[in-house]
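277 is the number that my numbering gives to position 277 of the sequence shown; each next residue is one higher, with no gaps.
Bear in mind the hints are in silico, worked out from the structure with no lab data behind them.
For lysine-lysine, the following DSSO-like pairs were computed, each having C-alpha atoms within a straight-line distance of at most 30 Å:
hint, residue 1, residue 2
1, Lys612, Lys438
2, Lys163, Lys149
3, Lys220, Lys260
4, Lys589, Lys438
5, Lys260, Lys323
6, Lys260, Lys245
Keep in mind it's a predicted model, so treat the numbers as computed, not measured.
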Amino acid sequence: MADIIQLLPDHVANQIAAGEVVQRPASVVKELLENAIDAGASTIKLIIKDAGKTLVQVIDDGKGMSATDARLSFERHATSKIRTADDLFQLDTKGFRGEALASIAAIAHVELKTKQEQEDVGTTIVIEGSNVVSQEVVVTPKGTSISVKNLFFNIPARRNFLKSNTVELRHVIDEFHRVALAHPNISFALYNNGSESFNLPISKYRQRIVNVFGNKTNEKLVPVEENTEVLEISGFVGKPEFAKKTRGEQYFFVNNRFIKSAYLNHAIASAFDGLLKSGTHPSYFLNLTVDPQTIDINIHPTKTEIKFDDEHTLYALLRSAVKHSLGQFNIAPVLDFERDPSLDTPYSYKNNDTSVPKVEVDKSFNPFQEETKARMTSYKKEPVANWESLYVGLESKGTKTQQDFSEVHFESEESTPSIFDDEKQMENVNTTYQLHNKYIVSTIKSGMLVIDQHRAHQRILYEELLKNMTIKEAVSQQLLFPLQLHFSTQEITIVKQLKDDLENTGFVFSSFNDESLEITGVPVSVPESEVSIILEQLISDVENEVPDSHFSATDLLAKSMAKSLAIKTGQSLQKDEQEHLVNKLFACKEPNISPTNRSTFITLSVDELDKKFI
1 MADIIQLLPD HVANQIAAGE VVQRPASVVK ELLENAIDAG ASTIKLIIKD
51 AGKTLVQVID DGKGMSATDA RLSFERHATS KIRTADDLFQ LDTKGFRGEA
101 LASIAAIAHV ELKTKQEQED VGTTIVIEGS NVVSQEVVVT PKGTSISVKN
151 LFFNIPARRN FLKSNTVELR HVIDEFHRVA LAHPNISFAL YNNGSESFNL
201 PISKYRQRIV NVFGNKTNEK LVPVEENTEV LEISGFVGKP EFAKKTRGEQ
251 YFFVNNRFIK SAYLNHAIAS AFDGLLKSGT HPSYFLNLTV DPQTIDINIH
301 PTKTEIKFDD EHTLYALLRS AVKHSLGQFN IAPVLDFERD PSLDTPYSYK
351 NNDTSVPKVE VDKSFNPFQE ETKARMTSYK KEPVANWESL YVGLESKGTK
401 TQQDFSEVHF ESEESTPSIF DDEKQMENVN TTYQLHNKYI VSTIKSGMLV
451 IDQHRAHQRI LYEELLKNMT IKEAVSQQLL FPLQLHFSTQ EITIVKQLKD
501 DLENTGFVFS SFNDESLEIT GVPVSVPESE VSIILEQLIS DVENEVPDSH
551 FSATDLLAKS MAKSLAIKTG QSLQKDEQEH LVNKLFACKE PNISPTNRST
601 FITLSVDELD KKFI
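Model the full assembly from the supplied sequences, consistent with the hints where possible.
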């Protein structure tokens, strides 16, 4: 037989490697930003167009590259970060594999401009799909500028699998946040479609967090500091009252590298045990510094997973450090079982000065004076004269009295007229029962109907909200005091995009700025206390939704609000509420499924029930 095993060409191998390294435009952003940091840059600019699908450009003022290095940087396994295998256990750089630039160049049009400080001119290289188109001398400032255009131009299937610009932009901004938060000693700027989205100057860590997430974040932060031989912890956690329903603001950095760790996240959650509402998650921005020899980064191409030598010790230290900070800053409640609450100073007298009480005595008071007795008797009520007048009109004779009472007519027993003609119909009215405060059980001709109350109410609200937004006849309830909510710049942008649809549902906005919005009216069915929760859920859904050509922003808004407003599992319903829910569900156009395409009810026929008893 002929030999069938052969080496793959370099451009094919690069495209295969790109499938692991470059999953979306955000992957390109991450790799280029990390290369700029490794180059010792103090100022980094990120420019994107169409969420990175058309252009991702990173400009830095780092040390730059020579002409030979610039050309060699696009070869596979070419890197300046390590020399031997032992260097993998002493990593102090972001990259080390030498795959990123080769993978990016294999699936995009790349233009690189770079110059070292001591050189007079720099080098520019143009590569299209691993093919070097040109390499020339160019006049350019110190540092490196790399542009990645038309991502996945030669892999149309991968390009088609990219999500909408809104979703891809969120991933790009997430990567930008991760790198910017890890390096507050570097100035970062982000430009999206020609407009400046972020401009983060060199600052302290707390100020960097505030610059990224808004000024309101400052009051939410509690500092965490712990230094041991094994681990150094620094950073901040969010106060429990500001916990969110989403996990957006959760950042772990190990040796200035962003990581994901469910195990360490559980340590934070256990430190907050008893302080959070159900279904909410704490915010944290924590830097962990450990010995590079005790961790293994070379596990996953994205380098977000790390193996630790002694996870149990890190878990215990992290949990105790966070718990200590919450207690130190009076976040956690303190229980004193020996305190006598009756000795506490009333709140209204807390700041008053103490003084000797004044006692006033009436020296002329004499309890034996005649005037006092007269005064006391004057308050006696005179007996009612002519008490017999109360009984005028009543005969004293017994026979006559009996005759009078015999003529008295009493009301008959209360009777309620039936709205049904026969008793059979009446028997079928009260046929709904609530099971475990989750399901509504009702009878039908063929057997039994079991309805999921949460999904059913979602369907009802979804169709009502869509009708309001389409017909634009929503009723709004004006608030006595305007409600001011604070969000990050990116979240405010999302709310602005949905402003018209939100107003059609009944929301009334009075003002918008970069970090807050003011609401003066809400839909009738929305309680004021739920407004912030609804908008947070809506923003999260918009960021994470997988758009489809069949769905619009209006549909997404209706889904999100219906999910937030629907009655929850565990809520007890009265008989009339159960019946109303059943009737409204079957009045819907699509009663069978919820807005998320899940079944709202199931039916069990008598035959199926009979089989259970065989």
